[in-house]
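Both chains come to you apart, so use the hints to assemble them.
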Amino acid sequence: MPRNDTIELGKLTDSMFYILLALTEARHGYLIMQFVEELTNGRIKIGPASMYTIIKKLVNAQLIEPIDGDGKQKRYVITAQGRALVAEDLKRRQAIVDDARFILEEEGHR
Amino acid sequence: MKRKYMSSWGLAFAEEREMKKLGEMAARGWHLEKFALLGYTLVEGEPMDVRYSLDYRQRPDEDYFELFAASGWEHVTSSGDEIHVFKGSPDATPLYTDRQTTQEKYGQVERAMGRGALICLVISIGLMLLLQLNWSGTAEAIIWIVQTLVVIGLVFTGLPYLGFLVKRKQLERND
Numbered sequence: 001m002p003r004n005d006t007i008e009l010g011k012l013t014d015s016m017f018y019i020l021l022a023l024t025e026a027r028h029g030y031l032i033m034q035f036v037e038e039l040t041n042g043r044i045k046i047g048p049a050s051m052y053t054i055i056k057k058l059v060n061a062q063l064i065e066p067i068d069g070d071g072k073q074k075r076y077v078i079t080a081q082g083r084a085l086v087a088e089d090l091k092r093r094q095a096i097v098d099d100a101r102f103i104l105e106e107e108g109h110r
Numbered sequence: 001m002k003r004k005y006m007s008s009w010g011l012a013f014a015e016e017r018e019m020k021k022l023g024e025m026a027a028r029g030w031h032l033e034k035f036a037l038l039g040y041t042l043v044e045g046e047p048m049d050v051r052y053s054l055d056y057r058q059r060p061d062e063d064y065f066e067l068f069a070a071s072g073w074e075h076v077t078s079s080g081d082e083i084h085v086f087k088g089s090p091d092a093t094p095l096y097t098d099r100q101t102t103q104e105k106y107g108q109v110e111r112a113m114g115r116g117a118l119i120c121l122v123i124s125i126g127l128m129l130l131l132q133l134n135w136s137g138t139a140e141a142i143i144w145i146v147q148t149l150v151v152i153g154l155v156f157t158g159l160p161y162l163g164f165l166v167k168r169k170q171l172e173r174n175d
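Listed in order, the protein sequences are those of chains F and E.
FYI, in my numbering the residues of the first sequence are 1 to 110.
FYI, in my numbering the residues of the second sequence are 1 to 175.
Chain F regions said to be covered by chain E (calculated; three or more residues, Cβ under 8 Å):
| no. | stretch |
| --- | --- |
| 1 | 22 to 35 |
| 2 | 44 to 53 |
| 3 | 72 to 83 |
With the C-beta cut set under 7 Å, the calculated list includes, among others, these residues of chain E facing chain F:
| no. | residue |
| --- | --- |
| 4 | Tyr-64 |
| 5 | Glu-66 |
| 6 | Phe-68 |
| 7 | Ala-70 |
| 8 | Thr-93 |
| 9 | Pro-94 |
| 10 | Thr-101 |
| 11 | Glu-104 |
In short, the hints are calculated from the structure, not lab data.
Positions of the beta carbon are idealized from the N, C-alpha and C atoms, including for glycine.
Chain E with its partners taken away, still in its complex shape (with noise of 0.2 Å):
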């Protein structure tokens, strides 16, 4: 079976732009097989006329597959257990129907992704501040790496955050 890769900007920023490609993907045989690195992986398949959709929750139980498979949501894929992709007939009831929940489902990864931007951050100030110290070469060296690694985990989580937080606000301006 042929695989291809489908590049993503986040789904904090390109959500609903990159669940409307991977229907008009599926239209043309290539559907969502799983989560990639900052992508997507599909697989070629039969062209379907199908929807894509996701929602944010962390260790769901039984119940809530059941209940998308009864409304007429396959789940398709997940992401650490928190993010899961499900297709349905474009007939469907969206996942969500209600501003409220809407909202909800925004706030606890906006949350989840403070949390983590904020940790970084400290981290990484606190690694500056070491770094003022007299270190050897090596120990320097390894400060470095870490303090890199750590920035690029600021950056994975900064930034989503800030992505939620605008939806966030934008979904509350319509209120």
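Just chain F, with the same shape it has in the complex (with noise of 0.2 Å):
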């Protein structure tokens, strides 16, 4: 069965990438989700299967970690992983917008 794990590949979806971001800071669950909105003006929501699926995944692959606490709900914080891969990620995304800019802004130019 043709499964696309995209962890493995090194390539992180838009969801992970926020999440990632947001648990630069211990968070929990519902506190990511409302970060992600806040950060992107409610330009990036997730929902809460996704994002229950996604850190069940972010777990598994040691990017980010639980941690001990008082609180009900578990908080989850980024691993030196996943910031490793978080800043590749970023070179990636920073590649698509740097070629983009190039070609419209020649265009402006001609």
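Written as structure tokens, this is what we have:
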């Protein structure tokens, strides 16, 4: 069965990318949703089922880890491995933006 | 309190249609209470403007339901600690917001149904071979009864398996 396991390919989906960014500080699921929504001015919203699925996946891939706390809901924080992957993915995304700028700004000068 | 039965064509085939219908029923004052045999039980109440949505998840933990509740999705009922139905306001963020996780939602039930269907198929073939031997009348009758049950099991896993398979292919084609 063809399975596209994006984490193994080192390419993160937009939702994963934002969740990892949110977890540069320890947060629980709902706080991650709020953080992402505020950061992107509502452009990106993550539903609870997607959130739960992605958290489990990121934990399995050791990109985030649960931390002990007294709170009722489990909180998570990014690991060194997670930070490395975000940095790598940022480069990939930056390259796309650079390519687009190059073409579109050239066009403007013509 | 008055109750009403609403039939189901099977979630593998009619999930979206039936969740929409449940919302329409709620607007008329009939609210989903629980799953029933091949359908749903609705209970009479005040008309409400809600949306229903479901998720497949095997034995989720407490955080799961809390996360849904915090996002405005109230847990209504579950079936076999695997199928969970939620209701939320029409402007709540949908349960699934990206393509990859939506595909995984159906991928996991597709695999479970496929496994079930395969097991039923193997047993069914085994029983057919067994029937080639000489049995007393009662023994043969018993094998036929078991065979009938296994075939029913095959239908109720095989058809959903095909339904989820088609659904996953459609989602992948949109990629």
